[in-house]
Structure formats: structure tokens, C-alpha cells
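Novice: All letters in the sequence shown, in the order written, are residues 9 to 142 by the numbering used here.
Warning: the hint list may mix true and false statements.
As the list claims (entries may be wrong) - Distance ranges between label pairs, derived from CB positions: (1) Gln-106 with Gln-36: 26 to 32 Å; (2) Gly-65 with Arg-136: 29 to 35 Å; (3) Ala-81 with Gly-35: 29 to 35 Å; (4) His-116 with Asp-33: 29 to 35 Å; (5) Gln-36 with Glu-118: 28 to 34 Å; (6) Pro-28 with Arg-136: 14 to 20 Å; (7) Ile-30 with Leu-100: 17 to 23 Å; (8) Arg-126 with Trp-80: 19 to 25 Å; (9) Pro-28 with Glu-118: 31 to 37 Å.
Simulated from the structure, these hints should not be mistaken for lab results.
All C-beta atoms, glycine included, are put in the ideal place defined by N, C-alpha and C.
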Amino acid sequence: MPPRYHNGAIVSAAPMGAAPLIYDDDGQVEWNRVWGKDDPDSPFCELALAGGPPHRGELLEPVNPADIQADWAGYGRVLAELTRGIQMTTGLRTRLSQAPGWIGVECHSEVMAIWLLRAIVVENVSVRREGAVL
9 MPPRYHNGAI VSAAPMGAAP LIYDDDGQVE WNRVWGKDDP DSPFCELALA GGPPHRGELL
69 EPVNPADIQA DWAGYGRVLA ELTRGIQMTT GLRTRLSQAP GWIGVECHSE VMAIWLLRAI
129 VVENVSVRRE GAVL
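Kindly generate the complete structure, drawing on both the sequences and the hints.
Specialist: In C-alpha cells:
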């Protein structure tokens, strides 16, 4: 891992812990404030992309379609919150996917989509790409 990430400490390959959640006055998570609390000029951790540990220990995969069928309302709530979080943290537009369990993220270009796909894969999160949309 590049020296700038070491900060004089031994680097562990164990997955990183979750960031503490920050809530607004209505009790909703302020996803855009969760990361970067310690360094607003560099809000996102790029350790996995730089060769460090992923944030997730196990692969996060899309939900099983049978689970969606069993709880449409719950799936809708999760989908809405994930969409809200993606939009707040990236500033990118999202779109509903025809495939259950997926959310489309509209990147500015295919190059951006490829870079973001790689950054997501090393965090142990399933991702796919169709042109400039993840």
C-alpha cells in the first residue's frame, strides 16, 4: 500500500468497520456527511482501491428475487434509501433497473463508469456496467 496511507501504523488486511451514521432533524441518515467527517477535503476512503482492506468482508450481492416477491414494501423502502444515499454521496443520477435487486447509476462517461466499477469491486460489492451506467 502507498506510504501516504500508513500514517506510521501497521496496516491490517482485515475489512474496515462501518462509519458512524449521522442523522438529520427528521431522523434520516445524512449519507453525504457520513464520510469525510475527519477530513472534509478528502471525504472518501480509497484504501481498497490503493491496495488496502475492503470495507466489506463478504461479497454484497443483489437481493434474491424470491425475497423481493415476499416483501415488496420492504424492498421498496430499501431501494428508496439506497437510491437516496447514492445520489447524496455521488451527485449522480440513478435509475430504476429492469433487473430486480439492481440500481442504475448514471456516470458522466464510460471511462468514469469503468473506474467506478473497479473501485466498487475491490470493496466486495457486486456491480455490473452497461455503457456509462452501473
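Novice: So, against the hints stated earlier in the document, which numbers end up violated here?
Specialist: 2, 3, 6, 8
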